[in-house]
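One point on numbering: in full-length UniProt numbering, the residue at position 97 of the sequence shown is 97, and numbering is uninterrupted.
Rather than coming from a laboratory, the hints here were simulated on the basis of the structure. You may find that some hints are simply not true.
With a Cα cut of at most 27 Å, we get these calculated DSSO-like pairs of lysine-lysine [as the list claims (entries may be wrong)]:
1) K354 - K291
2) K245 - K460
3) K413 - K375
4) K284 - K299
5) K131 - K319
6) K438 - K460
7) K299 - K131
8) K460 - K393
9) K391 - K413
The calculated label-pair distances, taken between Cβ atoms and stated as ranges, are [unchecked claim]:
10) Q203 - D288: 48 to 56 Å
11) S353 - T315: 32 to 40 Å
12) R441 - T321: 37 to 45 Å
13) S455 - T315: 43 to 51 Å
14) D243 - I347: 36 to 44 Å
Since the model is a prediction, treat every value here as computed from it, not as a measurement. Backbone N, C-alpha and C fix where the C-beta goes; we use that ideal spot for every residue, glycine too.
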Amino acid sequence: MKRYVLPLAAALLSSSSLTAFAQGEKVPPVDFLTWPAAKYQHYYETSSYIAEGWRELGLEVNLNPEPFPNPMLGKWFSEHDFDVVMSVLSGAPYRMEPDFFTNAQFNSAHSAPGDWNVGEFADERVDELGKKQLAIYDADARRDVVLELQEVLYDLQPEAVIGSAISTTAINADNLEIPGYVPAPDGLRSIWNQLEMVSLTGQAVKMGQTIDQASFNPLAANIAEDFNNLSLIYDRLIELGPDGKPRNRLASNIIVVDETTIDVTLREGHTFSDGEPLTAEDVKFSFDYFKEWEAAYYKKYLERLDEVIIQDDGTIRFKLTEAYAPFILHTLGQVFIVPEHVWGSVIEDTGISKPQEFRNTNPVGSGPYSLNYWKEGQEIYFTRRADHFMKPKSDLLFVIFGSAEVVGAALKKGDIDVSLQPLVPTVVDEFEAQENLKIFRTYPNGYMSARYKASGEIFKHKALRQAATAAIPYEKIVDEVLGGDATRSASSIVPINAFWHNDSLPLPEYDIEKAKQILVDAGFTWDENGALHFPE
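Just need the whole structure built from these sequences, with the hints factored in.
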């Protein structure tokens with residue numbers, strides 16, 4: 001990987017302007033939580049380039065790569081144990097809902113362990129606008145508020161948005177075809193594409209990735225890979241289509257009676273994998289159960305759910321405490337329907353203290369696949385349910401590898417049929433030249449950013465966040481680390497989500513002199529060694 005040297009014109013301001021007024025405390029070393037280089041080279045290299053830019057501001061930056069998912073996820077989402085984290089939020093259809101990448105990420109009410117505001121950012125205006133847009137069902141009127149919210153966040157800089165990396169994956173076209181492929185934000189990981197995978201060998205479709213399943217317990221899941229696989233086993237009432245619009249799954253009809261009342265008609269004649277019928281009672285049980293036990297991932301989606309009422313055998317009424325525009329997309333489209341006859345007695349049957357502790361290694365679901373076996377750290381085999389209404393085409397075998405490079409090598413050798421792990425940018429040309437490999441480029445709605453700990457000693461200072469954002473070499477990251485396969489964005493709602501994206505915001509640019517001037521204007525100073533000091 002190429003390195004770079006910042007030009008002399010971007011060196012520290014003259015010594016006379018830096019050393020005379022070092023009055024405040026020295027800014028302590030920045031703890032930069034990042035990804036391990038072996039498995040996530042381009043994420044680690046991005047954080048390394050960012051750190052080099054910040055060192056030109058007189059900051060001492062310590063890169064702290066931690067294994068993913070654990071303990072990195074714990075430090076990131078539960079403990080908030082960092083000054084800044086190399087945040088990579090993956091794209092998914094349900095994340096086209098504009099609340100997810102704005103209000104959900106930065107509302108002060110979402111700062112608890114396990115929630116999305118990992119930087120503990122707090123601002124009254126952000127909270128006000130975030131709450132306001134949630135109550136507006138008219139898309140155009142809501143859009144005006146969402147655009148304003150992006151403007152406010154752009155000024156306050158709770159994070160530095162790097163951009164959205166184009167995800168390049170590949171399949172072995174000798175062994176696999178996907179006749180119904182759709183360009184979804186999650187690409188080959190999309191359930192709509194996995195349902196359409198047809199093995200040409202008569203065996204299971206072999207898919208390579210680097211992350212094993214952390215849990216088959218829907219209440220305990222917390223990473224994208226877990227939810228992807230759980231959606232194979234369990235149904236939701238709706239499933240988000242690749243365009244971000246809801247499609248009926250277990251629901252056959254949804255009626256918004258008024259702004260706090262939604263009626264759902266249930267699909268008839270569907271069963272769980274053990275043959276038991278799926279009923280309205282299972283739907284009510286699932287929503288009540290997830291809410292009662294405060295499943296961390298779902299908590300914000302369920303907080304406005306007041307009551308679930310069974311109207312008749314096939315109709316469920318959802319009563320809300322207040323108007324909530326994302327309810328259909330974010331709540332009905334997130335909660336898995338679990339069988340009451342399994343989960344209703346799981347605490348008594350197993351002696352655990354809460355259902356999140358249940359391993360659920362033999363899951364009973366109503367989804368298009370059943371779990372055949374799970375060899376932890378090695379393989380996960382899903383058997384298709386031929387009678388399921390989503391009509392899966394082939395069994396799926398997920399194979400776990402140690403790094404993206406090893407996944408790619410396995411695909412080239414023919415050991416697997418699909419690389420779910422994005423190809424390292426430097427090898428894409430090589431893969432395109434191999435005739436039996438078919439390349440897929442996905443333009444996700446997720447993004448990379450440097451997320452600041454806004455409640456911490458260092459980045460509680462707005463000026464320091466703004467200066468740090470101006471000291472990032474964005475174009476070098478895109479060109480040298482990501483191989484040019486990225487789209488820039490000034491907002492956490494990226495351009496692919498065009499209706500909600502605020503395209504009036506100028507892209508942040510690397511400008512070290514501007515960054516230093518921001519600090520000077522805010523009263524920051526430097527000592528004789530060039531180290532940055534807080535205002536007095």
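task = Would you check the hint for K299 and K131, treating anything up to 27 Å between C-alpha atoms as holding?
result = Roughly 16 Å separates the two Cα atoms, so the pair holds.
message = Quick check: does the Cβ-Cβ distance between D243 and I347 fall within 36 to 44 Å?
response = For I347 against D243, whose Cβ atoms are near 40 Å apart, the range 36 to 44 Å holds.
inquiry  = For the hint 37 to 45 Å, verify it against the beta carbon of R441 and that of T321.
reply    = 43 Å, holds
ask   = Is K284 within 27 Å of K299, Cα to Cα?
value = Roughly 16 Å between the alpha carbons, so the hint for K284 and K299 holds.
query = Falls inside 32 to 40 Å, the C-beta gap from S353 to T315?
reply = Hint holds: Cβ distance 35 Å, inside 32 to 40 Å.
ask   = K131 and K319: Cα distance at most 27 Å?
value = This hinted pair holds, its Cα atoms lying about 19 Å apart.
message = With the threshold set at 27 Å, check whether the alpha-carbon distance from K460 to K393 stays at or below it.
response = Outside the cut-off at roughly 52 Å; violated.
task = Quickly compare the C-alpha distance for K391 and K413 to 27 Å and report which way the hint goes.
result = 30 Å, violated
inquiry  = Next pair to validate is K413 with K375; report whether the Cα-Cα distance is within 27 Å.
reply    = Holds. K413 to K375 sits at ~23 Å (cutoff 27 Å).
query = Given the proposed pairing of K245 with K460, does the C-alpha separation stay at or below 27 Å?
reply = Answer violated: K245 to K460 is near 38 Å, above 27 Å.
ask   = Do the alpha carbons of K354 and K291 lie within 27 Å of each other, as the hint requires?
value = 13 Å, holds
task = Take the C-alpha atoms of K438 and K460, compute the straight-line distance between them, and say whether it is at most 27 Å.
result = Distance of about 47 Å is beyond 27 Å: violated.
The structure shown violates the earlier hints numbered 2, 6, 8, 9 and 10.
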